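The residues making up each chain are set out below.
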Amino acid sequence: MTASSQPAMPTLRQVLARVHMRLILCAVLMAGVTLMVTGVLVIRGYADRNLALIARTVAYTVEPALVFDDMDAARRGMAAVAASESVHRVDVRDGRGRLLVEWRRPSAGVMTVIERGIAELVAPSPARADVRRGSILVAQVRVYGGADGLGRFILSGVATALACLVLTLLATWTLARRLQRDVTEPLAHIAEVAHAVRADRQFDRRVPTSDIHEVDQLGRDFNALMDELRDWHRGVVSHNRMLERQATRDTLTGLGNRAMFEQALPATIAQADRDRTPFAVFYIDVNRFKQVNDTHGHDAGDALLIVIAARLRAVLRPDDQAFRLGGDEFALVLAPGIAPAELDAIKAQIAESMEQPIMVPSGESIDASLSIGSARYPDDSADARDLLRHADAAMYAAKAGRAAIQHR
Amino acid sequence: MLPLGPGSDSLAVGTSRMVGAILEYTRWPAPRPIVRLCVVGQARHAGRLSDIHLSNGAALQLSTLDGQQDGPPEQCDALYLGSLAVTPMQRMVAGARGQPVLTIAEDDPDCRSGAMVCLLYRPKILSFQLSIDAVSRSTVRIDPRVLRLSKGGY
Numbered sequence: 001m002t003a004s005s006q007p008a009m010p011t012l013r014q015v016l017a018r019v020h021m022r023l024i025l026c027a028v029l030m031a032g033v034t035l036m037v038t039g040v041l042v043i044r045g046y047a048d049r050n051l052a053l054i055a056r057t058v059a060y061t062v063e064p065a066l067v068f069d070d071m072d073a074a075r076r077g078m079a080a081v082a083a084s085e086s087v088h089r090v091d092v093r094d095g096r097g098r099l100l101v102e103w104r105r106p107s108a109g110v111m112t113v114i115e116r117g118i119a120e121l122v123a124p125s126p127a128r129a130d131v132r133r134g135s136i137l138v139a140q141v142r143v144y145g146g147a148d149g150l151g152r153f154i155l156s157g158v159a160t161a162l163a164c165l166v167l168t169l170l171a172t173w174t175l176a177r178r179l180q181r182d183v184t185e186p187l188a189h190i191a192e193v194a195h196a197v198r199a200d201r202q203f204d205r206r207v208p209t210s211d212i213h214e215v216d217q218l219g220r221d222f223n224a225l226m227d228e229l230r231d232w233h234r235g236v237v238s239h240n241r242m243l244e245r246q247a248t249r250d251t252l253t254g255l256g257n258r259a260m261f262e263q264a265l266p267a268t269i270a271q272a273d274r275d276r277t278p279f280a281v282f283y284i285d286v287n288r289f290k291q292v293n294d295t296h297g298h299d300a301g302d303a304l305l306i307v308i309a310a311r312l313r314a315v316l317r318p319d320d321q322a323f324r325l326g327g328d329e330f331a332l333v334l335a336p337g338i339a340p341a342e343l344d345a346i347k348a349q350i351a352e353s354m355e356q357p358i359m360v361p362s363g364e365s366i367d368a369s370l371s372i373g374s375a376r377y378p379d380d381s382a383d384a385r386d387l388l389r390h391a392d393a394a395m396y397a398a399k400a401g402r403a404a405i406q407h408r
Numbered sequence: 001m002l003p004l005g006p007g008s009d010s011l012a013v014g015t016s017r018m019v020g021a022i023l024e025y026t027r028w029p030a031p032r033p034i035v036r037l038c039v040v041g042q043a044r045h046a047g048r049l050s051d052i053h054l055s056n057g058a059a060l061q062l063s064t065l066d067g068q069q070d071g072p073p074e075q076c077d078a079l080y081l082g083s084l085a086v087t088p089m090q091r092m093v094a095g096a097r098g099q100p101v102l103t104i105a106e107d108d109p110d111c112r113s114g115a116m117v118c119l120l121y122r123p124k125i126l127s128f129q130l131s132i133d134a135v136s137r138s139t140v141r142i143d144p145r146v147l148r149l150s151k152g153g154y
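Residue numbers (our numbering), protein chains in the order written: chain A, 1 to 408; chain B, 1 to 154.
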């Protein structure tokens with residue numbers, strides 16, 4: 001993938017993870033806050049009523065003791081009521097606010113102090129209750145605390161919310177991993193295959209199937225596209241190859257054409273130079289070819305050329321090359337490593353292969369003969385152009401010699 | 001346990017408070033708009049009983065008996081028993097039994113007379129003992145919370 005070109009761009013997995021994180025965080029916070037607020041309100045209502053009840057109970061219990069002025073009994077009564085509750089202080093004052101008797105819970109642990117502090121914030125104490133005899137206000141009871149449970153609820157609620165957040169993070173992480181496995185990895189695979197196809201022309205690569213409908217559909221379409229692309233590519237390659245053949249082959253005889261000869265000659269020279277081995281070039285001309293064309297027609301001339309090409313090819317060794325340069329002109333490049341003595345043998349073989357008359361479409365047999373001129377590299381010339389000129393001259397010399405013999 | 005203040009009549013003041021408090025928590029079968037308290041015999045600390053004010057608005061009517069009767073007269077809702085010879089004391093207590101009459105003994109620290117409430121005088125402190133037996137035989141009801149305040153009641 002080419003994501004590295006823009007480092008600020010997030011990956012699909014990051015986007016998904018972020019969306020999940022926000023969603024779950026939002027859900028947890030909303031649920032947590034709602035539960036917390038309702039819980040606090042409900043518990044606070046209960047705590048208020050509970051505290052008021054405790055205050056009334058204390059007032060009822062200590063009333064006779066106050067009437068009898070028996071503060072020890074009053075203290076015992078307060079302790080009996082308050083000790084089993086979440087009350088941490090009770091005091092009783094007379095009608096003028098003077099402290100008559102007080103009870104305090106023995107000092108508590110740190111957690112209790114924290115819970116009490118939180119509870120004081122949301123549920124203010126004390127609860128008050130009057131002690132009356134008839135219309136006379138004997139005393140007033142104040143009860144402090146009573147909402148420690150609320151503090152405990154808030155503390156545990158916050159702890160639970162934090163635990164939920166940790167779980168949320170884990171869940172998001174797991175979810176993102178699953179999503180990566182199910183969605184991102186197949187997509188990454190498609191991207192990777194596309195890259196391989198583009199960069200390396202690997203048209204045989206295919207995307208595996210996926211469990212997710214859309215991704216699977218994408219993969220299938222992608223694979224189908226790859227099939228079409230592969231077929232198209234094959235067509236282009238074979239067409240190119242055909243065009244190449246057409247550009248370098250002579251359509252009549254199937255031999256290489258002049259363009260190919262002009263490529264083959266420098267390549268052979270380079271090879272000969274590299275290996276320090278000599279090679280040879282033959283120039284060949286069909287004798288009286290124009291005459292055959294004129295008397296027997298162009299079909300006969302074409303047939304003549306085809307047969308001559310086939311016979312030349314039959315004589316050549318595997319690494320040798322034959323070309324038709326145009327008209328009735330042929331050229332041979334004899335592969336490097338050929339000895340001077342072999343040249344004459346090959347010339348003799350060619351002449352021998354031409355002794356048999358050639359049948360043309362009209363049914364007549366024609367005797368054809370060739371004029372051959374050769375040039376050896378690098379003995380005759382180390383320059384390609386000069387080498388050809390040398391071979392050409394040798395061929396004309398051979399033709400002239402043959403004409404002299406015939407005229408004689 | 002009622003702490004007693006300073007002063008020559010602190011015992012009488014404390015006694016008055018104690019008796020008033022006991023009357024406060026006493027319920028007669030029918031509500032008494034006037035609570036008639038009869039002081040019987042030689043009472044040493046009864047001098048301030050007239051100070052008593054009941055919070056339910058009932059008035060207190062004090063009367064004095066010499067203790068020679070066969071039992072508590074009809075007009076007594078409560079008896080404050082001072083020093084008496086054994087026989088008249090027993091007659092008084094026995095006569096109050098089963099009647100709507102509260103009996104308070106001033107001079108019976110061991111609470112053997114059969115009175116419902118016995119006052120206990122100790123230096124600086126006044127307390128009382130409640131005779132469950134006597135209370136249960138009477139038709140007056142004493143608030144059970146008072147039981148906790150009595151000697152040995154808790």
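Any given hint could be a false lead.
Unchecked claim - Simulated restraints, written as ranges between beta carbons of each label pair:
| id | chain 1 | residue 1 | chain 2 | residue 2 | range |
| --- | --- | --- | --- | --- | --- |
| 1 | A | Val37 | B | Thr139 | 42 to 48 Å |
| 2 | A | Val42 | B | Arg97 | 36 to 42 Å |
| 3 | A | Leu137 | B | Thr139 | 28 to 34 Å |
| 4 | B | Pro109 | A | Leu137 | 55 to 61 Å |
| 5 | B | Thr87 | A | Asp72 | 36 to 42 Å |
| 6 | B | Ser83 | A | Arg98 | 36 to 42 Å |
| 7 | B | Pro123 | A | Pro124 | 14 to 20 Å |
| 8 | B | Arg97 | A | Ser135 | 32 to 38 Å |
| 9 | B | Asp66 | A | Arg98 | 40 to 46 Å |
| 10 | B | Val86 | A | Asp72 | 33 to 39 Å |
| 11 | B | Val86 | A | Arg98 | 54 to 60 Å |
Stated by the list, open to error - A few chain B residues that don't get close to chain A, going by computed Cβ distances all over 10 Å:
| id | residue |
| --- | --- |
| 12 | Pro3 |
| 13 | Gly7 |
| 14 | Ser16 |
| 15 | Ala21 |
| 16 | Glu24 |
| 17 | Leu54 |
| 18 | Ser55 |
| 19 | Asn56 |
| 20 | Gln69 |
| 21 | Gln75 |
| 22 | Arg91 |
| 23 | Ala94 |
| 24 | Arg97 |
| 25 | Asp143 |
Claimed, not checked - What the simulated footprint calls covered on chain A by chain B, stretch by stretch (three residues with Cβ under 8 Å from a Cβ of chain B suffice, anywhere in the stretch; the number is not a length):
| id | stretch |
| --- | --- |
| 26 | 132-145 |
| 27 | 227-238 |
It should be emphasised that the hints constitute simulated quantities derived from the structure, not laboratory data. Quick caveat: nothing in here was measured; it's all calculated off a predicted structure. Glycine residues also receive a C-beta, built at the ideal position from the N, C-alpha and C atoms.
Outcome for the supplied range 42 to 48 Å, where the beta carbon pair is Val37 (chain A) and Thr139 (chain B): violated (58 Å)
Please check whether the beta-carbon of Asp143 (chain B) is more than 10 Å away from every beta-carbon in chain A. violated (6 Å)
Determine whether the Cβ-Cβ distance between Asp66 (chain B) and Arg98 (chain A) falls within the hinted range of 40 to 46 Å. Roughly 44 Å apart at Cβ, these two residues keep to the hinted range, so it holds.
Could you let me know if the closest chain A CB is still more than 10 Å away from the CB of Leu54 (chain B)? violated (8 Å)
Falls inside 28 to 34 Å, the C-beta gap from Leu137 (chain A) to Thr139 (chain B)? For Leu137 (chain A) and Thr139 (chain B) the Cβ distance comes to about 32 Å; the hint holds.
Quick check for students: does the CB of Arg97 (chain B) sit more than 10 Å from each CB in chain A? holds (25 Å)
Would the least Cβ to Cβ distance between Gln69 (chain B) and chain A come out above 10 Å? holds (31 Å)
Quick check: does the Cβ-Cβ distance between Ser83 (chain B) and Arg98 (chain A) fall within 36 to 42 Å? With Cβ atoms ~39 Å apart, the hint holds.
Look at the Cβ atoms of Thr87 (chain B) and Asp72 (chain A) and judge whether their distance stays inside 36 to 42 Å. holds (38 Å)
Given the hint of 36 to 42 Å, is the C-beta distance from Val42 (chain A) to Arg97 (chain B) inside that range or not? violated (56 Å)
Is it the case that Asn56 (chain B) keeps its Cβ farther than 10 Å from each residue Cβ in chain A? With a cut-off of 10 Å, Asn56 (chain B) comes too close to chain A, as the shortest Cβ separation is near 5 Å.
Beyond 10 Å on every Cβ pair: is that true for Gln75 (chain B) relative to chain A? Consistent with the label, Gln75 (chain B) stays out of reach of chain A, its closest Cβ about 25 Å off (over 10 Å).
The earlier numbered hints that this structure contradicts are 1, 2, 4, 7, 11, 12, 15, 16, 17, 18, 19, 25, 27.
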